[in-house]
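Peer 1: Here is how the chains run, residue by residue.
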Amino acid sequence: MARNRRNQSAAIRFGPALKALLFCLFFGGSGVGYVWQKQQIYELSRERKQCEVQLDDLRRQSHQYAAQLAILTTAQELDARVKQLNLGLGPPQPDQVLQLVEAAPTPGAAGVRPVQQLVAFRSGLRAAR
Amino acid sequence: MTQAFQNRRLGLLASALVLGFAGLGARLYDVQVVRHATLQEKADDLHDEAIIREPRRGDIRDGRGNLLATSRPVLTVAADPTLVGSNSLAVARALAPLLQWDAVRLADRLRVRTYLDRAGQTQAYHYVVLRRKVRLEDWPAIQQAMSHLELGGEKRRLSTAEKVFRQNLRAKAVFAEPDYLRVYPGQGLAAHVIGYVGTREAEAVLDDPAPVRKRILETYGRDGIERTFNGELAGVRGWRLTEVDRQKRELVAFREEDVAPRAGLNVVLTLDATLQHVVETELAKAMLEHSPASASAIVVRPRTGEILALATLPGFDLNDPGRAPLAALRNRVITDMWEPGSTFKVVTVSAALNEHVVTLDDRFDCKHGYFFFAGQPLHDHERFGVLSVAEIIARSSNIGAAQVGIRMGPALLYRYIRNFGFGDPTGIRLPGEVRGLVRPVSDWSKISIARIPMGQGIAVTPLQMVMAMAAIANGGYLMAPMLVDRLEDENGAVVARNQPLVVRRVVSEAAARQMVAALKLVVSTNGTALKARLEHYTVAGKTGTAQEVVNGAYSHTDFFSSFIGFFPADAPELCISVVLDAPRHGYYGGQVAAPVFRNIAERAANYLNIRPEAPGSGGLAANQRGGRLTGAASD
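These protein sequence lines map, in sequence, to chains S and F.
With numbering that gives the first Met the number 0, letter number 92 in the first sequence gets 91, and the count goes up by one each step, no holes.
With numbering that gives the first Met the number 0, letter number 67 in the second sequence gets 66, and the count goes up by one each step, no holes.
It is worth saying that the hints were derived from the structure and are not from the lab.
Any given hint might turn out to be false.
Stated by the list, open to error - Quick list of the computed label-pair ranges, beta carbon to beta carbon:
| hint | chain 1 | residue 1 | chain 2 | residue 2 | range |
| --- | --- | --- | --- | --- | --- |
| 1 | S | Leu54 | F | Lys171 | 37 to 47 Å |
| 2 | S | Cys23 | F | Glu161 | 11 to 21 Å |
| 3 | F | Thr1 | S | Gln36 | 21 to 31 Å |
| 4 | S | Gln92 | F | Pro177 | 24 to 34 Å |
| 5 | S | Phe25 | F | His46 | 32 to 42 Å |
| 6 | S | Gln36 | F | Pro177 | 29 to 39 Å |
Here the structure is a predicted model, which means the values were calculated and not measured.
We put the beta carbon where it would ideally sit given N, CA and C, even for glycine.
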């Protein structure tokens with residue numbers, strides 16, 4: 000005859016309880032982990048979208064500034080600014096341009112550098128004055 | 000008794016459950032099997048989203064990298080009328096001033112409209128465009144106007160549904176999509192070369208996974224480089240297959256395909272924007288001074304055929320081409336042909352020199368300005384006696400040129416005309432180029448051999464004429480005109496580069512050199528183009544004053560006045576052509592076109608830092624040394 004439950008041992012059976020707890024923890028943890036992972040995916044995709052939008056905005060701004068810069072540096076615009084600010088700028092006349100003629104290298108003058116040539120030219124100018 | 004009652008209740012409950020589950024099963028079967036395809040499509044429509052990603056159109060730049068055409072980001076403002084509902088007038092009143100639209104028309108546009116879908120069910124349009132090409136800086140004001148929209152009845156207690164509706168209306172009913180606006184920083188600069196764009200409706204089809212068709216507004220080139228290089232500039236569309244939530248926000252994690260658009264290539268021209276500006280300002284001055292119907296100029300580098308400037312006035316603003324009259328849109332340099340007049344003598348005489356039919360010192364009797372040939376009289380602008388071939392060029396004697404042509408004979412002259420490129424398109428990469436009019440010898444009349452050598456009875460384009468002159472400057476090699484230097488990707492890497500192309504040798508170097516010697520005389524005190532001379536460079540060139548044909552007869556009031564020249568004559572850097580159509584104050588090429596040439600040449604030489612010739616070796620003195628001349632000329 001089976002024993003009355005009241006008469007059963009009061010001792011707690013840890014084995015099955017632990018099993019149940021682990022079981023619950025496993026399933027509960029899996030559920031929470033799944034939700035957490037989904038949340039992470041959602042958060043990351045949101046951040047990615049924000050970054051994409053930001054990148055697009057920056058690209059747009061860059062193109063916009065490039066277009067503005069191009070407008071401001073057109074020859075017409077610069078001409079107009081020169082007139083507006085009364086700068087009196089104009090292209091140099093040919094007689095204002097100093098042409099430095101590069102002499103063909105000769106054996107004796109192999110070591111003469113352009114800087115030395117310029118110094119010689121300047122001293123020649125001073126002598127002429 | 001109780002047992003039987005309980006069993007009956009249990010049986011009823013079981014039957015109800017069975018029936019319930021059977022019903023659910025049937026419903027499941029209906030939904031998942033019978034109506035699967037329809038419902039799947041409906042579900043896909045709700046959360047699948049196919050997005051066409053438009054590429055950025057490539058830039059057009061000049062040879063130094065200055066932007067001539069670019070695409071500026073703008074927005075297309077659109078609305079979902081179903082979210083606006085009956086508040087279209089309130090929305091229209093708020094947005095009309097910002098979108099620069101009439102409020103009533105805008106309200107009408109915001110009205111909910113329906114259509115029948117493939118299943119025959121009525122559907123409402125969720126998308127209407129309110130305005131395209133809205134500047135980025137204008138969008139915050141539109142957003143603010145929508146978020147502060149006055150709808151009335153705010154004080155009374157609103158139902159939850161109404162609150163949600165108003166929230167959606169203010170936040171989502173009006174939205175913006177990225178778009179591009181073609182911008183031309185130089186406005187009218189090189190308008191006829193760059194061209195302009197238009198928009199047209201097109202259909203983009205995405206094949207994967209199921210065909211998705213999207214109507215899009217496509218930007219395409221309508222004229223100039225924009226048209227010729229439309230394929231390269233347009234780029235390649237990208238796409239994105241993704242999912243959206245109920246509020247149409249993208250669920251990035253569910254993206255299936257994401258292919259980025261490939262931006263169009265940048266087209267780098269041989270033009271120089273500053274030189275182009277110089278040419279256009281000088282032409283504008285000539286337009287003011289001489290009031291011609293039009294004025295054109297071309298600057299070519301003879302050695303390579305590179306076109307550094309190409310301008311036609313009247314021009315138009317590329318940012319608003321719709322406002323320009325049709326005539327102003329025409330690139331007369333390639334679409335118009337005209338009788339070249341005296342500039343064509345260069346072809347006749349260089350051909351004769353090349354064939355040793357004449358030498359520069361051979362002398363011809365110019366009959367004191369009146370020559371009768373094949374029953375028709377031929378006149379000179381002055382009564383010349385005996386002139387050498389060099390003098391025929393310098394003084395622009397029609398009778399002399401006619402006699403040189405007669406000595407050559409039609410077959411030889413025709414061969415050289417074709418060799419110089421007349422009668423064929425030059426192949427410049429611009430739309431609408433005409434080939435000119437060169438009749439075969441079999442169609443020539445008796446007087447053709449006397450008329451064609453002096454530039455009558457033949458029609459050429461200004462571009463053909465300047466390339467022929469550039470061939471003389473280039474030692475006899477005819478170059479193909481080169482307008483596009485290279486194609487670059489968006490990072491500046493060169494994708495393709497054009498190289499100068501020799502079409503053919505048209506005359507020997509010796510013949511070209513002799514011709515240059517004769518052309519130097521044109522720009523001397525005894526030549527026809529003293530006003531073209533430059534202080535620091537020797538110029539070689541030729542004037543032209545051709546009568547226009549009006550109502551089938553030569554006009555005595557309308558002329559094509561032209562000057563084509565190059566400098567420094569013995570080592571040419573630039574060849575410049577100036578053509579004025581029907582100038583009103585003065586009409587000789589040497590009077591109206593030569594000064595424009597001089598102004599352009601002086602500024603161009605300065606800008607390009609072309610080395611001046613050594614003192615005494617250039618300028619008028621050098622032009623005078625070209626030959627022995629007496630008297631004066633005026634053509």
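Peer 1: Of the hints given before, which are not true for this structure?
Peer 2: Those not satisfied are hints 1, 2, 3, 4.
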